[in-house]
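Same order as they appear, the protein sequences are chains C and G. Residues in the first sequence are numbered consecutively from 0, following numbering that gives the first Met the number 0. Residues in the second sequence are numbered consecutively from 0, following numbering that gives the first Met the number 0.
Hints in this document: simulated from the structure, not taken from any laboratory. It is possible that some hints are incorrect.
Any copy will do: because identical chains look the same in the list, a pair fits if it lies in one copy or spans two.
Claimed, not checked - Taking lysine to any residue and the SDA-like style, the derived pairs with C-alpha atoms no more than 20 Å apart in a straight line are:
#1 Lys164 with Thr153
#2 Lys165 with Asn151
#3 Lys106 with Ala80
#4 Lys165 with Arg4
#5 Lys5 with Arg68
#6 Lys83 with Arg161
2 protein chains.
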Amino acid sequence: MKQNRKLLHKVRFTAFVASSVDGRISLSTHTRPDWTSREDWQFLQESLGSYDAVVVGRNTFRAAEKRLRKRNTYVFSRTVAKTKQEGLVTFVNPARVNLATLLSTHKRIAVLGGSSVYQFMLSKKMLNELYITIEPLVFGRGIPMFSGGSKNHTLALRSVRRLNKKGTLLLRYEIQP
Amino acid sequence: MKQNRKLLHKVRFTAFVASSVDGRISLSTHTRPDWTSREDWQFLQESLGSYDAVVVGRNTFRAAEKRLRKRNTYVFSRTVAKTKQEGLVTFVNPARVNLATLLSTHKRIAVLGGSSVYQFMLSKKMLNELYITIEPLVFGRGIPMFSGGSKNHTLALRSVRRLNKKGTLLLRYEIQP
């Protein structure tokens with residue numbers, strides 16, 4: 000663990016989350032949300048320009064496969080027996096490899112979800128920063144932002160930005176080590 | 000329905016919600032959250048001074064019974080067969096009474112949760128305004144802010160306030176009719 004932290008010392012992990020007011024990131028697992036604002040999409044695309052790798056879960060990968068194949072993408076999947084490379088995309092079972100070694104070749108890694116990937120990275124201390132876009136919607140159902148956690152994590156609010164007239168908010172949190 | 004809306008025309012419903020960043024309002028059903036900030040507590044107590052009634056679910060009532068017995072409180076419960084009055088407190092099964100008639104005697108009603116009460120009031124169009132305090136915490140488990148919904152609701156962001164140094168945020172939304 001100590002060795003892993005040393006390996007990842009220079010890697011910065013940032014999660015990007017788009018959420019409803021009630022903390023839901025999706026209404027169904029298999030499609031990309033169609034309720035996020037243009038401003039959120041622009042922010043994400045511009046931001047990704049400064050990241051040299053992306054981490055996603057299998058469903059998130061499938062929902063945006065075409066775009067993600069153009070990036071260094073790590074697809075987390077529990078059903079992958081052996082790490083598999085396809086062009087820029089690496090399919091990996093995060094429980095079966097040394098992630099620190101695998102990811103330490105990068106400088107800035109964007110974590111794009113879904114909720115079990117966000118939770119996994121948070122609980123493994125591989126998350127330094129969290130951007131949350133809150134769209135002014137209430138769903139009352141759907142996939143929660145984080146799930147399967149067993150302890151509380153404390154964040155520090157760094158900035159608040161209003162992205163548009165209807166009131167999409169962009170929050171930036173630093174995750175306390 | 001139309002008649003109900005007329006009855007409630009002059010009643011203003013405001014929900015007060017304290018939440019983690021990931022949209023959880025509680026880690027367990029039966030205790031009052033101990034993770035909310037002093038500033039949120041002060042805001043709530045000061046606000047309640049201008050409301051002449053409170054709506055809560057059974058668990059929320061139990062967790063704050065002593066304080067709530069001093070207010071005009073409506074406790075929603077599916078297990079109440081017949082509306083029952085105890086001092087200032089009315090126990091009522093919201094599915095079995097005409098809520099509009101019951102609540103129209105008040106001017107400003109504070110809805111204090113839990114999630115099924117928030118959801119119920121939202122879906123019955125008995126929610127005009129929503130204050131959400133976001134504490135800088137991630138739980139990854141627990142009770143979501145709204146649950147059991149079947150459609151999306153659009154809000155309009157009215158204000159954002161930072162309540163303290165650690166970054167507790169207070170958001171005010173207007174619910175679109």
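Hint by hint, here is what the structure shows:
1. Proximity of Lys164 and Thr153 under a CA criterion of 20 Å is satisfied inter-copy only: 13 Å between copies versus 30 Å inside one chain copy.
2. In this homomeric assembly, Lys165 and Asn151 come within 20 Å of each other (Cα to Cα) only across copies, at 16 Å, whereas the closest approach inside a single copy is 31 Å.
3. Proximity of Lys106 and Ala80 under a CA criterion of 20 Å is satisfied in neither setting, with 27 Å inside one chain copy and 62 Å between copies.
4. In this homomeric assembly, Lys165 and Arg4 never come within 20 Å of each other (Cα to Cα): the closest approach is 41 Å inside a single copy and 26 Å across copies.
5. Proximity of Lys5 to Arg68 under the C-alpha cut-off of 20 Å is found in neither arrangement, the shortest distances being 29 Å within a copy and 56 Å between copies.
6. In the homo-oligomer, the alpha carbons of Lys83 and Arg161 never lie at most 20 Å apart, since the shortest distance is 41 Å inside one protomer and 46 Å across protomers.
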